[in-house]
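Student: With chain A's structure known, arrange chains B and C on it following the hints.
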Amino acid sequence: MRRRYLAAGALALASLAAPFSARAQQPVEIQFWHGLNQPLGGMLEQLATDFNATQNQYKVVPSFRGSYAETVVSAIAAFRSNSAPHIVQMFEVGTGTMINAGRAIKPLHEIIAETGVAIDPKDFIGPVAGYYAAADGRMMAMPFNSSTSITYYNRDMFQRAGLDPNAFPATWQGVEEAARKLKAAGVACPMTTSWPSWIMVEQVLAIHNVPLASRSNGFEGLNTELNLANPILTRHLTNLANWQKEGLFRYGGRDTAAEALFPTGECAISFMSSGSQARVRREARFNWGVAMLPYYEGVAGAPRNSIIGGAALWTMNRGPNGQRSREELRGVAEFFRYISSPAVMAKWHQDTGYVPITRSAYEATKAAGYYQQNPGADVPIEQMLRGGDPTPNTRGIRLGGFIEIRNIIQEEMEKTFQGQQTPEQALQNANTRGNQVLRNFERTNRNN
Amino acid sequence: MQKKVIFRGRLLPIALLAPQLAVTFVFFFWPAGQAIYQSLLREDAFGLSREFVGLENFQEVLSDPTWLNAALNTVVFSGCVAALALGLALFLAVQADKSLRGATVYRSLLIWPYAVAPAVAAVLWLFLFQPEVGMIGRGLRAVGIPWDYRLNGTHAMVLVVIAAVWKQLAYNFIFFLAGLQSIPASVLEAAAIDGARPARRFWTIIFPLLSPTTFFLLVVNLTYAFFETFGIIHALTNGGPAKATETLIYKVYVDGVENLNLGQSAAQSVILMIIVIALTAIQFRAVEKKVHY
Amino acid sequence: MAPVMAPVATPAAPARDDALLRATRRRRMLSHLMAHGALILGVLIVAFPIWMTLVGSTHDAGTIGRGDVPLLPGSHAAENYAIAWNEGGGRTRTTPASTMLINSLLMALMIAAGKIAISILSAYAVVFFRFPLRMAAFWAIFITLMLPVEVRIIPTFQVIVDLGLVNTWPGLVVPLIASATATLLFRQFFLTIPDEFVEAAKIDGAGPLRFLKDVVLPLSLTNIAALFVILFIYGWNQYLWPLLIINDRSMETIVVGLSKMIGRGDSQNDWNTIMATAVLALLPPVLVVALMQRWFVRGLTETEK
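Chains as they are written, first to last, in the working numbering: chain A, 1 to 448; chain B, 1001 to 1293; chain C, 2001 to 2305.
Keep in mind that the hints are not guaranteed to be accurate.
Claimed, not checked - Lysine-lysine pairs mimicking DSS-like chemistry, simulated, CA-CA at most 25 Å apart:
{"no.": "1", "chain 1": "C", "residue 1": "Lys-2202", "chain 2": "B", "residue 2": "Lys-1003"}
{"no.": "2", "chain 1": "A", "residue 1": "Lys-245", "chain 2": "A", "residue 2": "Lys-183"}
{"no.": "3", "chain 1": "A", "residue 1": "Lys-245", "chain 2": "A", "residue 2": "Lys-181"}
{"no.": "4", "chain 1": "C", "residue 1": "Lys-2213", "chain 2": "B", "residue 2": "Lys-1003"}
{"no.": "5", "chain 1": "A", "residue 1": "Lys-366", "chain 2": "A", "residue 2": "Lys-347"}
{"no.": "6", "chain 1": "A", "residue 1": "Lys-122", "chain 2": "A", "residue 2": "Lys-347"}
What the hints assert, rightly or not - A few chain C residues that don't get close to chain B, going by computed Cβ distances all over 12 Å:
{"no.": "7", "residue": "Ala-2019"}
{"no.": "8", "residue": "Leu-2021"}
{"no.": "9", "residue": "Ala-2023"}
{"no.": "10", "residue": "Ala-2078"}
{"no.": "11", "residue": "Glu-2079"}
{"no.": "12", "residue": "Trp-2085"}
{"no.": "13", "residue": "Pro-2096"}
{"no.": "14", "residue": "Ile-2102"}
{"no.": "15", "residue": "Leu-2106"}
{"no.": "16", "residue": "Leu-2109"}
{"no.": "17", "residue": "Leu-2221"}
{"no.": "18", "residue": "Arg-2249"}
These aren't lab readings, by the way, just hints derived from the structure by calculation.
As the structure is a computational prediction, the values presented were derived from the model and not from experiment.
In this text, a Cβ means the ideal position worked out from N, Cα and C, and glycines have one as well.
Bound-form chain A, shown alone (with noise of 0.2 Å):
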């Protein structure tokens, strides 16, 4: 480090006629932790590497901090300890932590507002802004690896069992009754889910436009209560037990632990995140296709917009004292429009399967034709954009220790499926642990 200095120093009195070319030599640096495993961590460090390129006044360094739960706490601990780095990425599910962190973060429409770079918040998709958007709807964080989850299924098997494999049941009655004709057909697991809270649940109420908490699912305040004991869920829940008993459906574990289930071809019909296409292109070794997630027919108001997943990157100030100066901010803020600028965004949605997450990136990937040449690829965003504006259930979740009520959902469910308790059970309990997370929650963030 110290030689770094002296070698800059060198530099600079060596060019005595130019002193400011010496100073333009050193970029500032800005750190930037994220939580993305390979392929997709290389293709955002790539990123950042083709940013550096492009000016040499900021240099983004980029750093793996393993998972997402894992960069979160370094990311904390560095914060109390006055070496936050400046981007930090963080999962939708951290959303409610990072917004009520008070000066923790530097909200992004301030950053707008002082640097003056032109980022449009108004390009951003909806779903993707409101997430990340306060009550008032300015933007906190940059949206960034925004995915939703959508249906996979196996056309092949489809053929099989005598089912139409270019049209995929668009309600839970038609894919029930697929799923019965795949198992007579010798197909050993109809279907399965990745992501089980996130996509059982939380996507399953915001198509169906019913709240997952109370205070617009918590984005009007800290004192709201989960709505998890609802009748959509109770019917959906007890659906899937059901189907479990029955051989249609199989449990496949949490997080992304059952996407091995469809590329293997044991399961016919797989909801996952739409981030995890590369994976099934490049393993599956039959036809397949992918279709948005169904709903219940009959139901008013079904379908609406499903909620997104995936990433957002938050600016964070140094530590409890400590501000960034401007000059670092305008770094940041030059990131991320490169990074949201439409080339870099169509091209990162191409490669990895994300969403796009501006409007413009969106029409420069249909305007290349990439849509017609890979059918399917537009099912997430149009999935995202179905039923016209979110409303205030489908706007995504605004919860404080969501991280861990996700996890308490995930263990009740799994206790359904084991045959311990019943569906009902499993949401009221789920219900009542969670609900004591939120007011420990605003029991200790009521300050800031």
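Tutor: Just chains B and C now, with coordinates in the frame of chain A:
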């Protein structure tokens, strides 16, 4: 236990101790003190607001059913790991001890899992038992066993126990073999001449002679199962399904690192520290005792 | 030590007939055969996961991803290892295994050497001197024996951050070199050094430091070697601490690098290059155990004497 003949001086020994003590205080006691301090607070994750709550965190932890569940899991898990790792190692050591030349060969072939990091060991077993990708996982399903450690809590427990035992077997084997080989042949010959049958000979003569080794290993295995298996559980099950494999140490991690509930996590840490210190004392006494053998 | 399988052919009873002797021998043979059978089975079971890791490192990603791993090695070994060695496993742009191996080696060596050095000094002070708070100091060291890193990870990390040691070798190594076990081992050993040695040294007018250098250290060499093997493995296998302290990829160690490739178990994994990296991560400590087995066993069992 003390030496009778010693050197004089006060400054020198303190200087000699200084590096070790400095590291110990800065990186053990200071953080441990912080943990104790934190356990009396309720604080948001970023440390921007805090409230002194006395022993409230302890009260909540000790009355929390999920903590009690974790305590029970810890007992079951540690018990299974210790029993299996000790039992299998003893069995193999007795077999190896029957042939002196073979013994060292088998020892060479059995000891290297000790060198494998727990997290890496977990990956090896995951690669075998993963229901879709893993060879054994698929095999179990092929013969009609609905193997699924992601939903079946018992399966999950079996899997983490297997990985943990595999890693620990080598260690126990080495100690048991050394213990067996240090039993004087004359004792065994005398027993043989007495006409005692091999099984009887083992339980009445050999096993009692091994008891100091066994006790020492028991403590080591229990602490291993308590703490060092964190990496295994983390990589294999994340404490699930439905908290079926969540041990106390894993819960500290989950509450502190994932749920960002620092106060309660710190309270759990403090409880664990007390347990650890008690175990350390027991082990110390055991080790001291053995010195006199 | 006398062989345990000492012949028990009883010279005291020459009158016994050959048949009984033969029966005894046969039973012994049988028992030995069974023993070997059990041991071979045990060895195979213990070796199986490693074998499958080796096999996994020689196939292509698709084969493994579909669950078609055969029992025998495939033909992709060279490319898998080349990718892991030069570019990093897992897919793209992780740290090359060659870099991570060097880092792991440095870390393991520094931890082992550091632990041995400060443990010898403190054990020497505790055994050969009397001074106030001697036992208190000893217990302070001793209690850290099992204070696991997970229990105090966040406050310890904060200490390192406060000291500005993130991403540095001292930050990585120093917190790990306090060693109660090593101190205990040396203490036990020093206690067995006869008092006459100390007396002789005193009569010769040798001071404590010369006694340490000329007598105690040479006597301890085998213990040091034995302990070194154990501590090398301990250092090599560290992973939670480096994960937190190091975010500079050029300093990444291989166990951490491997754990980062694994992610959540089976998400988009290139199992083939991951398994190749796993083999590389396993190899050095396993080789150390295999080649220095005598020291290793001695180091392990020493505390138990």
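Student: Take a quick look at C:Trp-2085 and tell me if its Cβ sits farther than 12 Å from every Cβ on chain B, holds or violated.
Tutor: holds (18 Å)
Student: Was C:Ala-2019 rightly flagged as not at the interface, with every chain B Cβ beyond 12 Å?
Tutor: holds (18 Å)
Student: For C:Pro-2096, which was marked as not at the interface, is the minimum beta-carbon distance to chain B over 12 Å?
Tutor: holds (18 Å)
Student: Can the restraint linking A:Lys-245 and A:Lys-181 be considered satisfied, given a maximum Cα separation of 25 Å?
Tutor: Holds, at roughly 16 Å.
Student: Is the straight-line distance between the alpha-carbon of A:Lys-245 and that of A:Lys-183 25 Å or less?
Tutor: holds (13 Å)
Student: Hey, does C:Ala-2023 actually stay past 12 Å from chain B on C-beta?
Tutor: holds (14 Å)
Student: So if I understand the rule, the pair passes when the alpha-carbon distance is 25 Å or less; does C:Lys-2202 with B:Lys-1003 pass?
Tutor: holds (15 Å)
Student: Closest CB-CB distance from C:Ala-2078 to chain B, is it above 12 Å?
Tutor: C:Ala-2078 is indeed farther than 12 Å from all Cβ atoms of chain B, at 21 Å.
Student: Compute the least Cβ-Cβ separation between C:Leu-2109 and chain B, then decide whether it is above 12 Å.
Tutor: Given a closest Cβ separation of 16 Å, the condition holds.
Student: Over 12 Å to the closest beta carbon of chain B is the bar; see if C:Leu-2221 clears it.
Tutor: Given a closest Cβ separation of 19 Å, the condition holds.
Student: Determine whether the non-interface label on C:Ile-2102 survives the test: each CB of chain B must be over 12 Å from its CB.
Tutor: At roughly 18 Å from the nearest Cβ of chain B, C:Ile-2102 sits farther out than 12 Å, so the non-interface label holds.
Student: Between C:Lys-2213 and B:Lys-1003, is the straight-line Cα distance small enough, at 25 Å or below?
Tutor: holds (19 Å)
This entry satisfies every hint, going by the numbered hints stated previously.
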